[in-house]
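Asker: Sequence:
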Amino acid sequence: MEVKGGTMARNTPRFYAFLVALGVVCFCIGILAGFYAGKNRYESDGEVSVSPSKSSRSDAEREEFYKSVFQEMKADNIRSNLKNYTALPHPPGLAQNEKLGNQIADEWGKHMDKIEKFKYNIYLSYPEAPGEITLHQDNGKNFDKKKLVINNEPSFDESEKNNDKLLYPFNAFSGRGTVTAEIVYGNYGLDKDFDTLKNAGIDVEGKIMIFRYGKTARSRKVERSEARKAVGVIIFTDPSDHTVQGEEYPKGWMLNRYGVQRGTVNRLPGDALSIGYPSKDNYFRKDESKYSGNPAIPSQPISYSTAYEILQYMKLNDNDTALPSGFQGGLNFTYPLTSGKGRNVTLNVSTILETKATYTICGTIFGQKEPDRYVMLGNHRDGWTYGACDPSSGTAVMSEIVRSLGAQKKKGWRPQRSIMTCSWGAEEPGIQGSTEWADENHKFLTNNVAAYLNVDMAVEGNFTVRMKVLDYLADGILKMSKLIEAPSDSSVTLYEDWLAKSKIWRNNTSLTKPYFVAATSGSDYKALWHTYGTPIADFRYIFDKVKYKQLPQNPHYHTAYESFGWMDKKLDPGFIHHLAIGRLWAGHLLLIAESDILPYDLVQFTEQLQSYFKQFDDYYKEILGNQTISLDFAKQRINALLEKCKTFQKHVDAVKKSKNEDKDLKLRAINDKLMNFERNFIIKGLAKNEATRHAVYATSSNTLKSMKFNGIGEAIKDAVKNGGDWDEVRKQITLLVWCIDTANRSLDVEKY
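For what it's worth, the numbering used here labels the leading residue of the sequence shown as -12, then goes sequentially.
Simulated from the structure, these hints should not be mistaken for laboratory data. Just so you know, not all the hints are guaranteed correct.
[Unchecked claim] Pairwise CB distance ranges, derived in the manner of DEER restraints:
(1) T342 - E103: 18 to 26 Å
(2) K644 - I491: 37 to 45 Å
(3) D190 - L81: 36 to 44 Å
(4) G239 - G612: 49 to 57 Å
(5) V479 - Q614: 53 to 61 Å
[As the list claims (entries may be wrong)] Dumping the calculated SDA-like pairs for lysine to any residue here, alpha-carbon to alpha-carbon at most 20 Å:
(6) K343 - A82
(7) K718 - D619
(8) K148 - R207
(9) K490 - K536
(10) K644 - T634
Nothing here was measured: the structure is a model prediction, and the numbers come from that model. Backbone N, C-alpha and C fix where the C-beta goes; we use that ideal spot for every residue, glycine too.
Make the full structure from the sequences, and use the hints.
Answerer: Structure (structure tokens):
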């Protein structure tokens, strides 16, 4: 071979052979690079072995492994975590929240391969001073008046000793200002409540409204009031909805007269100044002064002891107006409707708006067989107060799961797929942290993530499991619950206890499986699911919904009494319910991360789709029929999808039994189809839904909250209400059919 200038001589057989060999090598490198793309996105700083396993574990071996993880998890560790995490309040965007995030990163770093910290600049809201409500005797003149200052609650436990460090009770993103007007009691602030007031001859324009919490979001109460030209809103926790006499804290676990529920009146997920893309350093964000999406009128939450004073003041001049049915609350007098002419109230709210840095922490344990496929756990870290229930019960459990997995990793274990845990830095003001992260990592989410398993609050009661889950993931959760002891009786499984309690909860002794709650959109899974199509589940232990049927959520929700002492002494002494829900959460994580075939039942998905669509068709059949619009074609396409899912399942079963050399390749292809199936229903152009894109589950206006297919529903509502374009309805039906047909084609298996 002649060598000139250090190069191989051209036009020789060896030269061409070299080119062919080089091409083959480059091709193989490209394949491997694609396979490990997801892993490299989160490459460990240290050396991590991710060699594919030579053989899969048997089902029996997996079960024993799951049990070993459950045994590793300790209730005492969860208790210690919660005590630590709730020592100080940790609202979003403030120093203690970042400090807590750094602490969690350090803890997780001892057990995981990779820790990342994501910074997002988010438009947030804080109280500059406590809210004030002044009761005037006559036409706003400054005599014989009473000022009610909405300060933080008094403490009853050592764990509440830092109440002076709490943010004053406030509504995030409330309008700022001072308004003086007559006051009107509007029950829950539902549309029908406003209609009742109107029918009673009460005009709310120019008035301050006072509502009780419940039945609808606080943001909707403010939104409806502003739409009717009210000038301010006060919201209180009525004892009939939030407590039981004789069980008030500190004697019992229920809300007392001092508790004030903080919250947000924002309705937009994510950073308001960078909608649709991440709010990172040096990225464009709208100027704060040009943003006008927040409520303009001031609003203020109060306790029921403060509400007592306001309602008694109103009652002095109410002239015994007959109270409409359903308007009476739990205070021991007949509620008034108005303060009457000449009896004004001044509401002063001092909220400020600021862009603050928030931080999301993510930790990863890389898989050994499919390191580019991820199963995610997540919980938000920020709380309005101490957050012993919301969210820190979840944070405490998640950290114990991380420690337990780390203990297995030290023994040489790695999951088949990678595991990622996320501590979201800002959820309470409007699901900002997870939304910004999802926007930044949308390609990773859509290409690499098999599931996201969320906990907002791990424990808000000690009665039974409450699962919000997509139907086709449910069987996996039930399977895991059969391997876990019930917290209140170790002689039965969590599954058996859950089923028995479900029969009580649902008043249905014929139930054959534990009850699941339909997944909605109220936590950090919103963007991951509704915008990017990631399969989700949400885990929680709840109180007895029959005994305490009036409670919308735990009674100290977002108050100063959501403290470690309350949780430790009143709600879950021994932390056995934290441990049970933690084991179920960890079990489902491991089932998805370890199974050769993802445990997703697409037949179940489509049967549920069929059921939802029948309900939808029954509800709208007459309205659509009047416009010669039929949903029959869509029903036919759903039926076709169901048949395709059944055929696909037969293929899955055959491959599972196969011993062919290409089995791993076929399993990989099957898992890709299972992982991406939900994403076939993600589409742009849903009516009135720029933020979310799920053709089946996208959120909608409150009047359609319980319905699915809200792209179609919103178009129908608009056409009926405004004489709108029925062609938009036809278009929305077509978008749904397009998604269904895309899902059908995604399950084609002829080519392999």
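Asker: Could you tell me which of the numbered hints above are not met by this structure, giving the numbers in increasing order?
Answerer: 8
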